[in-house]
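Participant: Whenever a hint applies, use it, and build me the whole structure from the sequences.
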Amino acid sequence: GAGVSQTPSNKVTEKGKYVELRCDPISGHTALYWYRQSLGQGPEFLIYFQGTGAADDSGLPNDRFFAVRPEGSVSTLKIQRTERGDSAVYLCASSLGRGVTGELFFGEGSRLTVL
Amino acid sequence: KQEVTQIPAALSVPEGENLVLNCSFTDSAIYNLQWFRQDPGKGLTSLLLIQSSQREQTSGRLNASLDKSSGRSTLYIAASQPGDSATYLCAVRPGAGNNRKLIWGLGTSLAVNP
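Top line first, the protein sequences correspond to chains S and F. Read in order, the letters of the first sequence correspond to residues 1 to 115 in the numbering used here. Read in order, the letters of the second sequence correspond to residues 1001 to 1114 in the numbering used here.
These aren't lab readings, by the way, just hints derived from the structure by calculation. In this text, a Cβ means the ideal position worked out from N, Cα and C, and glycines have one as well. Fair warning: there could be bad hints in the mix.
Said to hold, decoys possible - Partial selection, computed: residues in chain S whose CB lies under 10 Å from chain F:
#, residue
1, V4
2, P8
3, G40
4, Q41
5, P43
6, G102
7, F106
Facilitator: And the structure:
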């Protein structure tokens, strides 16, 4: 696609529920990143994929968070047993990958609200 | 540990002014630095990317400079317009070790008044 696409744009859920957030990166971009951003803060790194594999998942806050990218394109961020503190905007970005300029292109984000 | 600071936190100017946003970083060993724009409730739009070997990049009314030795980057906006109102963030990609995690400033919130 022309840009990074994220769905849903808004998600309201109840505490304890399971949530999936989807990211469709720019076509041909091998690197994909998930960040989350709370109000008034800069983005917080969660996980980075190079192709299908998670090259760095050190930013995932705990084992309730998991992300996959089975075919090296679309990625899904999964959050189990959501808590109110998970409320944030979840941002996805892609880039051409290692060895190139490294410029990141972000989607519009998925705003998650946990009641 | 790399830290990124943006000053000022907020800026309000009349339309037409030229203005400078500042970004400073503590470790000069960077791979590149990227400036982003964020509108309220929206994602991040890449404005300019400066590689560590470059001194500046220009796009339209925007010019970003990089001085690695002093740990500074500036974003210059010429002839500001109300449509420039947004939060501007800079992010540094460290040059060593795990270079996949961008280190972010907290942003400068810009308001350009008609």
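Participant: Hint by hint, say whether it matches the structure.
Facilitator: Hints, one by one, checked against the model:
1. V4: For S:V4, the interface hint holds, since the closest Cβ of chain F sits about 8 Å away, which is under 10 Å.
2. P8: violated, 14 Å
3. G40: Because about 8 Å separates S:G40 from the closest Cβ in chain F, which is inside the 10 Å limit, the hint holds.
4. Q41: holds, 7 Å
5. P43: holds, 6 Å
6. G102: Holds: closest Cβ of chain F sits about 6 Å from S:G102, inside 10 Å.
7. F106: OK, holds: S:F106 within 10 Å of chain F, min 4 Å.
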